[in-house]
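Protein chains in written order, with my numbering: chain U, 1 to 206; chain R, 1 to 206.
FYI, nobody ran anything at the bench for these hints, they're computed from the structure.
Check each hint, because a few of them may be wrong.
To be verified - Below, a list of computed lysine to aspartate or glutamate pairs in the DMTMM-like style, where the Cα atoms sit at most 25 Å apart:
1) R/Lys63 x U/Glu78
2) R/Lys169 x U/Glu91
3) U/Lys133 x R/Glu174
4) U/Lys169 x R/Asp125
5) U/Lys169 x R/Asp149
6) U/Lys39 x R/Glu174
7) U/Lys63 x R/Glu174
8) R/Lys39 x U/Glu174
9) R/Lys169 x U/Asp201
10) U/Lys169 x R/Asp48
11) U/Lys39 x U/Asp149
Protein chains: 2
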Amino acid sequence: MSAKRSPGTRSGRRPGNVDTRAAILDAARARFAEAGFDKTSIRAVAADAQVDPALVHHYFGTKQQLFAAVVEFPVDPEPVLSIIDSAPLDELGSAIVRAVIGVWDSPAGPGIVAMGRSVLTGDADLARTFFLKVVLERVRARIARPDDDGHARVSLAVAQMLGVFVARKVICVEPLASMPLDAVVAAVGPSMQRYLTGQIDASPTT
Amino acid sequence: MSAKRSPGTRSGRRPGNVDTRAAILDAARARFAEAGFDKTSIRAVAADAQVDPALVHHYFGTKQQLFAAVVEFPVDPEPVLSIIDSAPLDELGSAIVRAVIGVWDSPAGPGIVAMGRSVLTGDADLARTFFLKVVLERVRARIARPDDDGHARVSLAVAQMLGVFVARKVICVEPLASMPLDAVVAAVGPSMQRYLTGQIDASPTT
Numbered sequence: 001m002s003a004k005r006s007p008g009t010r011s012g013r014r015p016g017n018v019d020t021r022a023a024i025l026d027a028a029r030a031r032f033a034e035a036g037f038d039k040t041s042i043r044a045v046a047a048d049a050q051v052d053p054a055l056v057h058h059y060f061g062t063k064q065q066l067f068a069a070v071v072e073f074p075v076d077p078e079p080v081l082s083i084i085d086s087a088p089l090d091e092l093g094s095a096i097v098r099a100v101i102g103v104w105d106s107p108a109g110p111g112i113v114a115m116g117r118s119v120l121t122g123d124a125d126l127a128r129t130f131f132l133k134v135v136l137e138r139v140r141a142r143i144a145r146p147d148d149d150g151h152a153r154v155s156l157a158v159a160q161m162l163g164v165f166v167a168r169k170v171i172c173v174e175p176l177a178s179m180p181l182d183a184v185v186a187a188v189g190p191s192m193q194r195y196l197t198g199q200i201d202a203s204p205t206t
Numbered sequence: 001m002s003a004k005r006s007p008g009t010r011s012g013r014r015p016g017n018v019d020t021r022a023a024i025l026d027a028a029r030a031r032f033a034e035a036g037f038d039k040t041s042i043r044a045v046a047a048d049a050q051v052d053p054a055l056v057h058h059y060f061g062t063k064q065q066l067f068a069a070v071v072e073f074p075v076d077p078e079p080v081l082s083i084i085d086s087a088p089l090d091e092l093g094s095a096i097v098r099a100v101i102g103v104w105d106s107p108a109g110p111g112i113v114a115m116g117r118s119v120l121t122g123d124a125d126l127a128r129t130f131f132l133k134v135v136l137e138r139v140r141a142r143i144a145r146p147d148d149d150g151h152a153r154v155s156l157a158v159a160q161m162l163g164v165f166v167a168r169k170v171i172c173v174e175p176l177a178s179m180p181l182d183a184v185v186a187a188v189g190p191s192m193q194r195y196l197t198g199q200i201d202a203s204p205t206t
């Protein structure tokens with residue numbers, strides 16, 4: 001479901017129109033900023049905006065997608081996030097590299113780069129939260145094990161992808177900046193895989 | 001040799017004083033900006049500043065160190081760069097991670113982070129050039145082989161370190177941001193080693 005999907009039904013409380021969509025976004029922006037991502041519910045946003053929760057879902061999809069709309073994330077993150085859930089665990093590293101770089105190199109790329117720069121300069125706290133809460137939590141949930149909650153692994157994996165992002169899209173370190181996608185996947189995928197599921201501490205290999 | 005070392009001798013052409021040092025820096029800044037790092041020589045900078053080349057070396061050391069002074073690099077890069085030359089090739093990845101993060105976590109760290117932010121926002125082209133020309137070329141020369149000039153490897157390694165820098169020092173992704181140095185070395189060192197000397201393409205392992 002895209003954040004820009006036009007309403008096909010109407011709510012009981014407010015007509016489904018542009019003002020309603022804007023009211024939901026305003027309410028969500030205030031809630032997320034005040035209470036944070038975890039403590040904000042679709043129900044609370046709907047109450048603030050005086051609409052039915054179903055209308056929030058109808059316009060924006062999941063809480064993650066509502067958040068993406070609030071931070072004006074330039075692309076629907078759901079297709080990429082769904083890859084995190086569907087890729088085989090032993091191919092997750094390469095799958096993430098391929099999906100994420102595919103988005104950077106898409107028509108939405110310039111918007112992502114602009115947002116990335118804002119995050120890097122500290123001008124986009126909500127977008128930063130979006131990365132850390134929504135995206136990373138989804139990855140962490142996928143790789144968590146009884147003896148390893150995955151937090152350290154995810155922070156290492158995000159460092160890897162941030163570095164490829166900065167080198168490829170922000171300061172343009174060649175030849176990585178121009179490297180074909182397949183070559184980047186071959187080079188970076190195994191490192192990502194190691195961070196996500198391989199040995200990352202100094203203990204002897206068993 | 002530090003850029004702040006006070007002169008112990010005097011040149012024949014100009015007295016070795018604060019003005020001379022400033023004149024050399026001005027000449028170097030103009031040369032580096034106009035001709036780039038590679039095409040700028042100590043001799044040319046000395047001629048522009050109307051001093052003897054030996055005085056430039058005396059004040060600033062190598063061309064790399066002169067460049068570091070021009071971009072107001074907050075720490076003498078030579079101790080880190082010398083590690084690139086002296087570490088065993090099969091331990092280069094961990095050695096670089098340990099040395100570089102050691103500098104970030106040192107008293108010079110805040111200055112490095114400030115400069116890093118400027119590079120990320122495109123406000124520090126000379127500093128960017130410093131990274132790409134001086135630092136990376138030194139690494140590339142170390143790992144180059146007859147069948148592999150090392151350019152792709154270095155760009156992947158710099159992406160890895162940029163990512164750790166951004167995650168640890170700029171947007172503070174936990175737990176990586178607070179991870180002890182030894183743990184970061186254990187986690188990131190093997191990835192760096194792979195980028196520098198391991199298999200990075202998709203061809204079958206031999």
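Quick rundown of the hints versus the structure:
1. R/Lys63 x U/Glu78: violated, 50 Å
2. R/Lys169 x U/Glu91: Violated. R/Lys169 to U/Glu91 sits at ~29 Å, over the 25 Å cutoff.
3. U/Lys133 x R/Glu174: Holds, at roughly 12 Å.
4. U/Lys169 x R/Asp125: Given pair U/Lys169, R/Asp125 holds - Cα atoms ~15 Å apart, limit 25 Å.
5. U/Lys169 x R/Asp149: Distance ~23 Å between U/Lys169 and R/Asp149 Cα, so the pair holds.
6. U/Lys39 x R/Glu174: holds, 20 Å
7. U/Lys63 x R/Glu174: holds, 23 Å
8. R/Lys39 x U/Glu174: Distance of about 20 Å is within 25 Å: holds.
9. R/Lys169 x U/Asp201: holds, 21 Å
10. U/Lys169 x R/Asp48: violated, 37 Å
11. U/Lys39 x U/Asp149: holds, 21 Å
When held up to the earlier numbered hints, the structure conflicts with 1, 2, 10 and fits the remainder.
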